[in-house]
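J.: Read off the chains here:
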Amino acid sequence: MAMNKERPPLIPCILLKLLLRGEAYYEFSDDLDEIYQHRISCDPKWQVKAWYWFRVLESIPGIILDKIFWRVVMLKNYFKIAIRNFLRHKGYSFINMAGFAIGMACCLLILVYVRHELSYDKYHKEVERIYRIVQDIRSQTSSRNFAYVSPMVAPTLKAEYPQVETAARAIPASSRLVKQEMAVFYEDRFMYADQELFNIFTIPFIKGNRQEALTRPRTLVISQKMAHKYFGHENPLGKTLTINEREYEITGVVANSPENTHLKYDLIASMETIADWSEMSNWYSTMFLTYLKVKPNINIEEFSRKASRLADKYVEERLSDRGVTYNYILQPLSSIHLHSHTSYEFEPPGNPIYVYIFSFVGLFILLIASLNFMNLSTARSVNRAKEVGMRKLVGAQRRQLIGQFLGESLIMAVLSLGLAIVIAKFTIPLINYLIGTTLSLNALLNSMVLVSLIAGSILMGLAAGIYPAFVLSAFKPVATIKGMLSVGSRSFSMRTVLVIVQFTISVFLIIGTLIMYKQFHFMKNQYLGFEKEQKLILPLRGGISIQDNYEEVKDLFSKHPSISGATASSGVPGRPTASYSISLVGEEDQKIQDMFHMYFDHDFIPRYGIEMLAGRNFQKEMSTDTAGAFLINEAALKAFGWKNPEDSLGKRLRSGHGGRVNPVIGVTKNFHYRGLQTEVEPLIMEILPRTFRCITLSLNTFNLKETMAYVESQWKFLFPGYPYESFFLDADFDRQYRADEQVGRIFGLFTSLGLFIACLGLLGLASFTAESRTKEIGIRKVLGASVGEIVLMLSKQFTRWVLLSNLIAWPIAYYFMNSWLKNFAYRTNVGIMIFVLSGFLVLVVALITVSFQSIRAASSDPTDSLRYE
Amino acid sequence: MIMLSRAEEIILLAVFKLGGNAYGVTVREQVYKDIGRNWSFGVIYKTLKKMKAKGYVKKISSDPIAERGGRSRYYYEITPKGVSVLEEIRTIQSSIWDGIQKLSLKEKVE
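These protein sequence lines map, in sequence, to chains A and B. Per our numbering, residue 1 is the first one in the first sequence, and the count goes up by one each step. Per our numbering, residue 1 is the first one in the second sequence, and the count goes up by one each step.
Treat the hints with care, since some could be wrong.
What the hints assert, rightly or not - Derived coverage of chain B by chain A (criterion: at least 3 residues anywhere in the stretch with Cβ under 8 Å from a Cβ of chain A; other residues may be distant):
1) 4-17
2) 46-57
3) 82-95
Unchecked claim - Calculated Cβ distances over 12 Å to all of chain A for the following chain B residues:
4) LYS33
5) ASP34
6) ASN38
7) GLY42
8) VAL43
9) GLU77
10) THR79
11) ASP98
12) GLY99
13) ILE100
14) LYS102
15) LEU103
16) LEU105
Claimed, not checked - In the DSS-like style, the derived pairs of lysine-lysine whose C-alpha atoms are separated by at most 30 Å in a straight line are:
17) B:LYS59 x A:LYS17
18) A:LYS620 x A:LYS669
19) B:LYS33 x A:LYS76
20) A:LYS49 x B:LYS102
The hints are simulated quantities; they were obtained by calculation from the structure and are not laboratory data. Yeah, the Cβ is synthetic: ideal placement off N, Cα and C, and Gly gets one too.
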């Protein structure tokens with residue numbers, strides 16, 4: 001029987017082999033085989049084979065349960081050891097975990113920010129079919145994009161293009177004075193809109209009929225916030241609000257405008273209200289935002305090609321002989337926030353560059369944190385070496401050890417994620433405060449995001465743990481038990497590389513921050529061509545007009561001894577100005593340009609300290625100067641092609657604003673009426689009292705409080721019923737840099753965090769080095785080395801690393817920061833100082849970190865250290 | 001008090017009864033004789049392994065056997081600890097069944 005053995009069926013054998021290993025496999029298969037051989041001699045073959053199959057199949061659940069049982073037993077052990085290790089080396093563990101958690105928290109915050117930026121307008125239903133149509137007005141010399149188009153565009157699109165499902169117009173208007181009984185406030189988010197807007201955007205109605213909310217004139221839809229503000233708990237439907245002295249009936253209450261939309265609303269009045277405007281049939285007007293929704297499954301490229309010249313048949317005749325063309329461009333709604341570059345965007349658009357920058361910074365910090373983790377784990381390996389040796393001696397396979405250490409770093413990563421969420425939760429209000437946003441962690445409460453977060457942290461745990469796992473599991477058991485292990489004896493180990501990478505990133509981030517701050521400082525302190533200090537601005541909102549009495553109003557304010565003068569203007573530097581077409585009389589057919597216009601009285605130039613280049617300022621005595629003369633700036637002079645300022649004097653210009661023709665009476669030096677991000681563009685100035693919306697008071701700061709009180713009392717006397725408001729020009733002007741400054745602040749914050757994490761890592765490494773050289777230090781001291789010499793010896797290595805990092809980081813930082821500076825028309829020079837300074841800063845921080853440990857090690861008693869081990 | 005699962009109890013008893021001749025095949029046969037059911041080998045090995053870890057049985061490999069291609073057969077043998085556990089179980093068993101002659105619902109109600 002023993003000689004001619006019957007082979008058992010193959011497949012169950014393979015199954016067994018897959019499930020069991022070594023002894024267990026042979027025990028099982030030999031036992032089965034014993035019965036199999038016994039039965040095969042008496043029973044039919046198929047029956048025995050079937051029997052064999054069944055025995056194997058029915059055993060599988062038992063085998064698997066068994067495997068799970070022993071896994072769990074082993075896991076318990078790993079867990080116990082991990083916790084003991086964690087507790088025994090609290091310092092290391094804390095550094096390790098804190099670094100990881102802070103890194104992740106940074107990433108979380110950046111993720112929230114980036115997601116917020118990317119989420120703009122994506123919440124609308126069927127957003128992929130919604131577009132905004134913008135206008136590109138092109139002449140031979142200039143091309144300018146407008147977000148605003150003619151009111152005729154929307155009806156034309158609906159009537160002539162079958163691809164369009166619906167289209168709607170909206171005019172976001174300047175702030176309005178809103179009254180309801182005793183409540184009087186200025187509201188900024190007011191707009192006129194077509195009823196169709198509700199069919200394009202997802203604006204949920206809380207009260208009212210969404211189908212006919214804005215079909216009649218003088219109807220108004222308000223946000224919940226407004227409903228609460230003006231009506232409390234009452235039902236606002238059917239009630240009225242007075243806006244700029246006109247009464248509107250409330251026909252709907254809608255949900256509050258989300259933060260992530262470019263078109264934020266609080267009050268939406270019906271377009272019917274202004275249906276009798278002369279503008280409403282004007283093809284040359286550029287006032288209306290126009291949104292459209294196309295039908296599903298149309299060829300959007302073909303449609304946008306056709307629609308691009310939609311105005312041609314209405315305007316061509318008048319425009320073509322002047323060489324001007326109107327091009328219309330479709331912008332997908334969700335791309336407006338980050339990718340639209342039209343002039344006069346309703347809300348300042350986001351900058352995609354910053355989204356990229358922050359994504360990179362997030363990755364960098366995560367990288368630093370992971371490197372930290374890798375570094376510390378391997379550095380600590382000496383502590384674990386004996387454990388590894390023991391495990392190997394009692395039969396652990398390398399596979400199991402790798403699993404153990406990977407598992408530990410995984411647990412660490414997941415725990416860090418938890419900690420990171422807590423940190424992020426507590427720091428997000430700080431971030432919001434610093435950069436003036438309303439970000440919230442709730443954006444992460446989304447199963448997809450949560451799953452990817454956990455997956456991400458697991459991935460990070462794996463990435464950070466894989467190197468230590470392989471290093472640790474490769475230890476020779478005998479060497480570890482004998483204590484012959486030498487870790488880090490190689491002069492240029494993996495660990496050195498990791499530290500250098502960390503510090504390279506830190507240096508890079510610091511240089512970036514410093515250059516950003518230098519640029520902001522530069523912009524704030526650059527002379528703007530006018531005096532921005534000690535100017536109090538009183539904006540005239542809610543329809544106040546001083547067209548007829550501006551001189552009296554100015555005089556009244558100027559009476560106070562601390563107010564040295566007043567001037568009225570359409571706007572002030574730093575606030576948006578309007579642009580209109582302009583051309584030289586006689587050349588209208590050849591060259592039309594688009595230039596900014598500013599309107600002010602004759603006191604503006606002297607009050608603001610703007611210098612004249614040629615000609616004269618407006619004069620009070622010359623009555624023809626009012627609405628009858630132009631000043632131009634240097635840039636305009638160039639744009640018209642005049643070489644000498646004097647050449648321009650007396651030339652007659654035709655302005656697109658009302659078609660007025662006036663002579664040029666003077667040329668001013670360039671002054672920055674917009675922020676330093678942009679070049680000074682051509683400017684046309686005129687006295688036009690009906691456009692005056694601002695009063696500028698020149699104060700001296702002596703007894704400021706009393707002066708302010710005086711101004712307020714005069715305001716109440718002059719404009720009863722209008723809330724008093726004022727602001728200082730210098731602070732207001734600097735608001736233009738706020739977006740950039742916010743970015744700078746976040747950048748600075750994350751930079752310091754990155755450096756902090758890197759230092760945590762360095763601290764861990766330094767203490768490890770000091771520890772592993774305890775004996776050496778002891779011997780040196782016995783032989784007469786001073787504390788200073790030993791500190792120097794321990795710090796030398798780190799100093800070398802940091803210096804090397806500097807050398808690597810400098811060119812990279814130079815390249816990137818130079819391209820960032822190109823965003824600004826007026827920029828500071830980079831200068832070598834910043835590089836040296838950042839390098840020095842990092843070196844000092846690193847040395848301080850290291851010296852904590854090295855001084856302790858160096859000043860310890862040599863007898864203790866020699867007795868060590 | 002040490003508790004064994006029912007499967008452990010049955011298999012430990014089988015090993016005990018088989019004396020020195022307990023290995024996979026015989027244990028399974030013994031279980032069949034005792035409870036009239038054929039258990040899968042998977043369950044038997046699993047339970048034996050667990051009890052080995054608890055120290056109730058030990059595993060002894062025999063001399064090489066030609067039929068097994070020169071490999072050993074793995075015998076299980078009950079340890080003194082295992083025996084004392086069995087004893088304890090017997091005591092508990094009889095004490096919890098004590099005083100019950102016949103099982104029927106009526107009697108219980110009284």
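J.: Next step is simple, just say for each hint if it's right about the structure.
T.: Evaluation of the provided hints:
Residues of the region 4-17 of chain B with a Cβ under 8 Å from some Cβ of chain A number 0, which does not satisfy the need for three, so the listed coverage is violated. Only residues whose beta carbon comes within less than 8 Å of a beta carbon in chain A count, and the region 46-57 of chain B has 3; three or more means the coverage holds. A count of 0 residues in the region 82-95 of chain B with a Cβ less than 8 Å from any Cβ of chain A is obtained; the coverage claim is therefore unmet, three being the minimum. The non-interface label for B:LYS33 is consistent with chain A: the shortest C-beta to C-beta separation is roughly 15 Å, beyond 12 Å.
For B:ASP34, the condition that its CB be more than 12 Å from all CB atoms of chain A holds, with the nearest at approximately 18 Å. The claim that B:ASN38 is not at the interface with chain A is violated, since a C-beta of that chain comes within 12 Å of its own (minimum 9 Å). Not every CB of chain A lies more than 12 Å from the CB of B:GLY42, the least distance being 3 Å, so the non-interface label is violated. At roughly 4 Å from the closest C-beta of chain A, the C-beta of B:VAL43 falls inside 12 Å, breaking its exclusion from the interface.
Here B:GLU77 stays apart from chain A, with its beta-carbon at least about 15 Å from theirs, past the 12 Å limit. Non-interface call for B:THR79 relative to chain A: holds, since the shortest CB-CB distance, roughly 19 Å, exceeds 12 Å. For B:ASP98, the requirement that its beta carbon stay farther than 12 Å from each beta carbon of chain A is met, with the minimum near 34 Å. No Cβ of chain A comes within 12 Å of the Cβ of B:GLY99; the nearest lies about 37 Å off, and the non-interface call holds.
Look at B:ILE100: its CB is around 34 Å from the nearest CB on chain A, clear of 12 Å, so calling it non-interface holds up. The Cβ of B:LYS102 sits about 37 Å from the closest Cβ of chain A, beyond the 12 Å cut-off, so the non-interface label holds. Non-interface status of B:LEU103 relative to chain A is upheld: no Cβ of that chain comes within 12 Å, the nearest being about 32 Å off. Distance check on B:LEU105: its Cβ is at least 36 Å (rounded) from any Cβ of chain A, clearing the 12 Å threshold; non-interface status holds.
The straight-line distance between the Cα atoms of B:LYS59 and A:LYS17 is roughly 21 Å, inside the 30 Å bound, and the hint therefore holds. Only pairs whose Cα atoms come within 30 Å are accepted, and A:LYS620 paired with A:LYS669 is accepted, the gap being roughly 21 Å. Taking the CA atoms of B:LYS33 and A:LYS76, the gap is near 38 Å; set against the 30 Å cutoff, the hint is violated. Proximity of A:LYS49 to B:LYS102 is assessed by CA-CA distance (about 46 Å); at most 30 Å being required, the pair is judged violated.
Of the numbered hints given earlier, the model fails hints 1, 3, 6, 7, 8, 19, 20; all others are met.
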